[in-house]
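Undergrad: One letter stands for each residue in the lines below.
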Amino acid sequence: MPDAWSLYSNKVMDHFKNPRNVGEIENPDGVGHVGNPVCGDIMELYIKVKDGIIVDAKFKTFGCGAAIATSSMVTEIVKGKSLKEALKISNKTVAEALDGLPAIKMHCSVLAEEALKSAIEDYLSKTNKKGDSNKSERPS
Amino acid sequence: MQRIYLDHAATTPTHPEVVKAMLPFFSDTFGNPSSIYSYGQEAKGAVEEARTRVAELIGARSEEIVFTSGGTEADNFALKGIAYANEHKGNHIITTSIEHHAVLEACKSLEKTGFQITCLPVDEYGLVDPDDVRKAITNKTILVSVMHASNEVGTIEPVEEIGRIAREAGIYFHSDSVQTVGHIPVNVDKLKVDLLSISAHKLYGPKGVGALYVRKGTKLVPLMHGGEQEKRRRAGTENVPAIVGLGKAVELAGQDIGKEAERLTYLRDKLIEGLGERIDQTRLNGHPTKRLPNNVNVSIDFVEGESMLLNLDLEGVCASTGSACTSSSLEPSHVLLALGLPPEQAHGSLRFTLGRNNTQADVERVLEVLPGIVAKLRAMSPLLKGQK
Chain A
2 MPDAWSLYSN KVMDHFKNPR NVGEIENPDG VGHVGNPVCG DIMELYIKVK
52 DGIIVDAKFK TFGCGAAIAT SSMVTEIVKG KSLKEALKIS NKTVAEALDG
102 LPAIKMHCSV LAEEALKSAI EDYLSKTNKK GDSNKSERPS
Chain D
216 MQRIYLDHAA TTPTHPEVVK AMLPFFSDTF GNPSSIYSYG QEAKGAVEEA
266 RTRVAELIGA RSEEIVFTSG GTEADNFALK GIAYANEHKG NHIITTSIEH
316 HAVLEACKSL EKTGFQITCL PVDEYGLVDP DDVRKAITNK TILVSVMHAS
366 NEVGTIEPVE EIGRIAREAG IYFHSDSVQT VGHIPVNVDK LKVDLLSISA
416 HKLYGPKGVG ALYVRKGTKL VPLMHGGEQE KRRRAGTENV PAIVGLGKAV
466 ELAGQDIGKE AERLTYLRDK LIEGLGERID QTRLNGHPTK RLPNNVNVSI
516 DFVEGESMLL NLDLEGVCAS TGSACTSSSL EPSHVLLALG LPPEQAHGSL
566 RFTLGRNNTQ ADVERVLEVL PGIVAKLRAM SPLLKGQK
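Top to bottom, those sequences are chains A and D. Residues in the first sequence are numbered consecutively from 2, following my numbering. Residues in the second sequence are numbered consecutively from 216, following my numbering.
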């Protein structure tokens, strides 16, 4: 249905209507928490890491259609990726995978990128504290 | 899918009878009202008839009505027109924090040219305290501008009392009445206004036309310079079809204003009541009774407005939100913040504004689909944690 005059692409609407990976991971290896109530978008991203690979990712988001769609898309993209690869995922990667976002919604894709980075950083800081058993998983 | 339109505060469909009244003035009676031949004079007659109708609806004289391109121009004309015509008397203007952007931005523009603006606060219901107006008046005050009713939360302001205060102080009083004219009774003498803004497309007239009521003897500096139209108050060839449309819309509105207001108030309260019953942790924004007959504005905890709107749209329901996500600024509605709402509640607001074509079935449809939408969004909301 969405034509040239729709706010969002078909892909955004698909991820908005049927968001993938909604929820929390029990005992996650990393959690990213970004955004604030003032700007109206809050994202929480959970990851499970095994042998340096992100094996599962879930999210919870308070925000507009684009915020929900970018959260959904970033969790889809990141699953199965190594930490090194995951850190290369940019907001553009997410926006492009959704066939683009309206200009005023690009900040949502930035938030998705930041949520992922913050979850990975959380994981890395936890594993660092545990000792160097996971050292090999750290991206160089 | 049947579309249910519940955003009449944004705009209304042009009434078929209004369209019918406008049509002859495009290609048949197309003359310029300033021309002396009959084509022109017929058009002029139609414009003057529309002027009389607008004047009648608000208890004014026809020569006190100036046609404009809409509510925004009427507001700008009132504020800038009075400000520049009275610079010698003072540079202070009093308004409120919940005005429409057409008033607030006009004030900001005046601020840049040396005027001082006092923006009065409102209480939790969006009401302005007339006493605050009294206290804000200085010997430099030249204009008070307070809207008749809020386009966002529907609160009806104590305009009559504020008008009395302004008149006693000898200060001009303007009211943006875009949301009230044609919907609830408006009388310029009762409200004690000197200037009052009207927009056609909010009362089933066409877009691109409105009017400013200017009390006899009130001097304004025009925004538009050129020909002598509108008694030199607004240059430019009259938008004849649109003005005729405004006249017809005003005539139709006047016919059943009380009855329609009563019908909408009933539907409004059904919707408010139903939302409160079917969705927990909601609050009504605006005043419960001093309220436009067609306005429902609620905040729904833990969910964001645009995502609710998109889901409602998928169900065929058109509504509105005060969330920032629908605008390029990230700040939520200045009106909801002025009422004291925390940002997350302002982001979680929904506005339904009813109109002529809405029925009880429409209200029931909203009550049927919205709880599911809210449940779905709450299930993915990080704000809900630790709450039940």
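Incorrect hints may appear among the rest.
[To be verified] Under the rule of at most 25 Å between Cα atoms (straight-line distance), these lysine to any residue pairs were calculated in the SDA-like manner:
hint, chain 1, residue 1, chain 2, residue 2
1, D, K405, D, I357
2, D, K405, D, L438
3, D, K422, D, L438
4, A, K49, D, P597
5, A, K118, D, S249
6, A, K51, A, I26
7, D, K600, A, P103
8, D, K355, D, Y340
9, A, K118, A, V23
10, D, K259, D, E375
11, D, K591, A, E27
12, D, K591, A, K130
13, A, K127, A, N11
14, A, K18, D, G587
15, A, K12, D, K405
16, D, K591, A, K127
17, D, K591, A, N28
18, A, K85, A, K18
19, A, K12, D, D528
20, A, K18, D, P345
21, A, K49, A, V39
22, A, K12, A, G81
23, D, K591, A, K85
24, A, K85, A, I54
25, D, K422, D, P400
26, D, K591, A, I54
27, D, K474, D, N572
28, D, K485, D, P586
29, D, K600, A, S119
30, D, K591, A, V39
31, D, K405, D, H315
32, D, K431, D, E443
33, A, K18, D, L598
34, D, K591, A, N11
35, D, K422, A, H34
36, D, K323, A, C40
37, D, K422, D, I472
Hints were generated in silico from the structure; no laboratory data involved.
Undergrad: Run every hint past the structure and note whether it holds.
TA: Hints, one by one, checked against the model:
1. In summary, the hint linking D/K405 to D/I357 is supported, as the alpha carbons are separated by about 21 Å, within the 25 Å threshold.
2. The hinted pair formed by D/K405 and D/L438 fails the criterion: a straight-line CA distance of about 28 Å is larger than 25 Å.
3. For the proposed pair D/K422 and D/L438, the alpha carbon gap of about 20 Å is at most 25 Å, so the pair holds.
4. For a cut-off of 25 Å, the pair hint linking A/K49 to D/P597 stands: about 18 Å separates their Cα positions.
5. Straight-line distance between C-alpha atoms of A/K118 and D/S249 comes to about 68 Å, which puts the hinted pair past the 25 Å bound.
6. Between A/K51 and A/I26, the direct Cα distance comes to roughly 14 Å. Compliance with the 25 Å bound is thereby established for this hinted pair.
7. Between the alpha carbons of D/K600 and A/P103 the distance comes to roughly 30 Å, so the proposed pair goes past 25 Å and is violated.
8. Straight-line distance between C-alpha atoms of D/K355 and D/Y340 comes to about 30 Å, which puts the hinted pair past the 25 Å bound.
9. For the suggested pair A/K118 and A/V23, the alpha carbons sit about 18 Å apart, so the restraint of at most 25 Å is met.
10. Between the alpha carbons of D/K259 and D/E375 the distance comes to roughly 34 Å, so the proposed pair goes past 25 Å and is violated.
11. Distance restraint check for D/K591 and A/E27: the Cα-Cα separation of roughly 21 Å lies within the 25 Å cut-off, and the hinted pair is therefore satisfied.
12. For the hint pairing D/K591 with A/K130, the CA-to-CA distance comes to about 38 Å; that exceeds 25 Å, so the pair is violated.
13. Among the hinted pairs, A/K127 with A/N11 is inconsistent with the structure: their alpha-carbon atoms are about 39 Å apart, more than 25 Å.
14. Our distance criterion of 25 Å between C-alpha atoms is met by A/K18 and D/G587, whose separation comes to about 13 Å.
15. For the hint pairing A/K12 with D/K405, the CA-to-CA distance comes to about 55 Å; that exceeds 25 Å, so the pair is violated.
16. In summary, the hint linking D/K591 to A/K127 is not supported, as the alpha carbons are separated by about 33 Å, beyond the 25 Å threshold.
17. In summary, the hint linking D/K591 to A/N28 is supported, as the alpha carbons are separated by about 24 Å, within the 25 Å threshold.
18. At most 25 Å may separate the alpha-carbon atoms for a hinted pair to count; A/K85 and A/K18 exceed this at roughly 31 Å.
19. The straight-line distance between the Cα atoms of A/K12 and D/D528 is roughly 17 Å, inside the 25 Å bound, and the hint therefore holds.
20. Among the hinted pairs, A/K18 with D/P345 is inconsistent with the structure: their alpha-carbon atoms are about 47 Å apart, more than 25 Å.
21. Between A/K49 and A/V39 the CA atoms are separated by roughly 30 Å; this puts the pair beyond 25 Å, and the hint is violated.
22. The straight-line distance between the Cα atoms of A/K12 and A/G81 is roughly 21 Å, inside the 25 Å bound, and the hint therefore holds.
23. A hinted pair counts as satisfied when its Cα atoms are at most 25 Å apart, and D/K591 with A/K85 does not qualify at roughly 34 Å.
24. Between A/K85 and A/I54, the direct Cα distance comes to roughly 9 Å. Compliance with the 25 Å bound is thereby established for this hinted pair.
25. In summary, the hint linking D/K422 to D/P400 is supported, as the alpha carbons are separated by about 22 Å, within the 25 Å threshold.
26. Proposed proximity of D/K591 and A/I54 is contradicted: the alpha carbons are some 30 Å apart, above 25 Å.
27. Using a Cα cut-off of 25 Å, the hinted pair D/K474 and D/N572 holds, with the two alpha carbons roughly 14 Å apart.
28. Simply put, D/K485 and D/P586 have alpha-carbon atoms about 15 Å apart, close enough for the 25 Å limit, and the pair holds.
29. Restraint check: the Cα-Cα separation between D/K600 and A/S119 comes to about 20 Å, which is no more than 25 Å; the hinted pair holds.
30. Restraint check for D/K591 and A/V39: satisfied, since their Cα atoms lie roughly 22 Å apart, inside the 25 Å limit.
31. Proposed proximity of D/K405 and D/H315 is supported: the alpha carbons are some 23 Å apart, at most 25 Å.
32. Restraint check for D/K431 and D/E443: satisfied, since their Cα atoms lie roughly 18 Å apart, inside the 25 Å limit.
33. Using a Cα cut-off of 25 Å, the hinted pair A/K18 and D/L598 holds, with the two alpha carbons roughly 20 Å apart.
34. Proposed proximity of D/K591 and A/N11 is supported: the alpha carbons are some 20 Å apart, at most 25 Å.
35. At most 25 Å may separate the alpha-carbon atoms for a hinted pair to count; D/K422 and A/H34 exceed this at roughly 45 Å.
36. With a C-alpha separation of about 24 Å, the suggested pair D/K323 and A/C40 falls inside the 25 Å cut-off, and the hint holds.
37. With a C-alpha separation of about 21 Å, the suggested pairing of D/K422 with D/I472 holds against the 25 Å cut-off.
This entry does not satisfy hints 2, 5, 7, 8, 10, 12, 13, 15, 16, 18, 20, 21, 23, 26 and 35, going by the numbered hints stated previously.
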